[in-house]
Amino acid sequence: QKEVEQDPGPLSVPEGAIVSLNCTYSNSAFQYFMWYRQYSRKGPELLMYTYSSGNKEDGRFTAQVDKSSKYISLFIRDSQPSDSATYLCAMSNSGGSNYKLTFGKGTLLTVNP
Amino acid sequence: SQTIHQWPATLVQPVGSPLSLECTVEGTSNPNLYWYRQAAGRGLQLLFYSIGIDQISSEVPQNLSASRPQDRQFILSSKKLLLSDSGFYLCAWSVAVGGYTFGSGTRLTVV
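Listed in order, the protein sequences are those of chains A and B. Residue numbers for the first sequence, in my numbering: 1 to 113. Residue numbers for the second sequence, in my numbering: 1001 to 1111.
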């Protein structure tokens, strides 16, 4: 079983739709969870960062972490064409000098006007 | 504010030629630095990471090497490129828990 599983999509939705992106993981030691957005031919940019279980909201974006199920989600409300990108989940078990992220393969999202 | 510079943006190199990609960070001290390669359908693959000058850890045995001659400079090199070295190379930095900041990437095509 891979450490982080993410459905690659592609996912195509109409403008204004609610988008749900998900990742599952196998390493119960993961405590830090992130979502990155990557536009075509660009580097990933950090979108959301959460620690342990719970929800975090930032504008139209909500990140959820369920450590008991080893499942994380990113919700995008009122999706816009500018949200079209690849979304990568990432997670880590610690900070400090051994701080390394494990990434999902990314989900390609297209929001159609 | 912290910024990360990565160059060149695109590169086309013949098989067997050398490679040198450079990454520099501004506005922070003693960052952790990372080199990733992103290939279609394979996600982000960690190649090297560094916690300090001349301290390099290799994650995947391969045709590449990395060096950190200065605190905020990270270099990815190869003596002889292979076709399989083609990909999108990304440099990133972090100073603590809170996520990585990535550079804009270099798209390398080996022909």
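No lab work stands behind these hints, which were simulated from the structure alone. Bear in mind the structure is a predicted one, so any value in this text is a computation, not a measurement. We put the CB at the ideal spot given by N, CA and C, even for glycine. Treat the hints with care, as some may be off.
Selected chain A positions facing chain B (Cβ under 7 Å, derived; list incomplete) [unchecked claim]:
#1 34
#2 43
#3 44
#4 46
#5 49
#6 103
#7 105
Straight-line C-alpha distance at most 20 Å; calculated EDC-like pairs for lysine to aspartate or glutamate [stated by the list, open to error]:
#8 A:105 with B:1085
#9 A:100 with B:1071
#10 A:2 with B:1059
#11 B:1080 with B:1022
#12 A:67 with A:5
#13 A:42 with B:1022
#14 B:1079 with B:1059
#15 A:105 with A:58
#16 A:105 with B:1054
#17 A:100 with B:1054
#18 A:67 with B:1059
Tested hints:
1. 34: Holds: closest Cβ of chain B sits about 5 Å from residue 34 of chain A, inside 7 Å.
2. 43: 4 Å, holds
3. 44: 5 Å, holds
4. 46: 4 Å, holds
5. 49: With a closest approach of 5 Å, the residue 49 of chain A hint holds.
6. 103: 4 Å, holds
7. 105: 4 Å, holds
8. A:105 with B:1085: 19 Å, holds
9. A:100 with B:1071: With a Cα-Cα distance of about 19 Å, the restraint between residue 100 of chain A and residue 1071 of chain B holds, given a limit of 20 Å.
10. A:2 with B:1059: Distance ~17 Å between residue 2 of chain A and residue 1059 of chain B Cα, so the pair holds.
11. B:1080 with B:1022: 17 Å, holds
12. A:67 with A:5: Within the cut-off at roughly 15 Å; holds.
13. A:42 with B:1022: 17 Å, holds
14. B:1079 with B:1059: It holds: about 19 Å lies between the C-alpha atoms, which stays within 20 Å.
15. A:105 with A:58: Roughly 23 Å between the alpha carbons, so the hint for residue 105 of chain A and residue 58 of chain A is violated.
16. A:105 with B:1054: Violated. Residue 105 of chain A to residue 1054 of chain B sits at ~30 Å, over the 20 Å cutoff.
17. A:100 with B:1054: 18 Å, holds
18. A:67 with B:1059: 27 Å, violated
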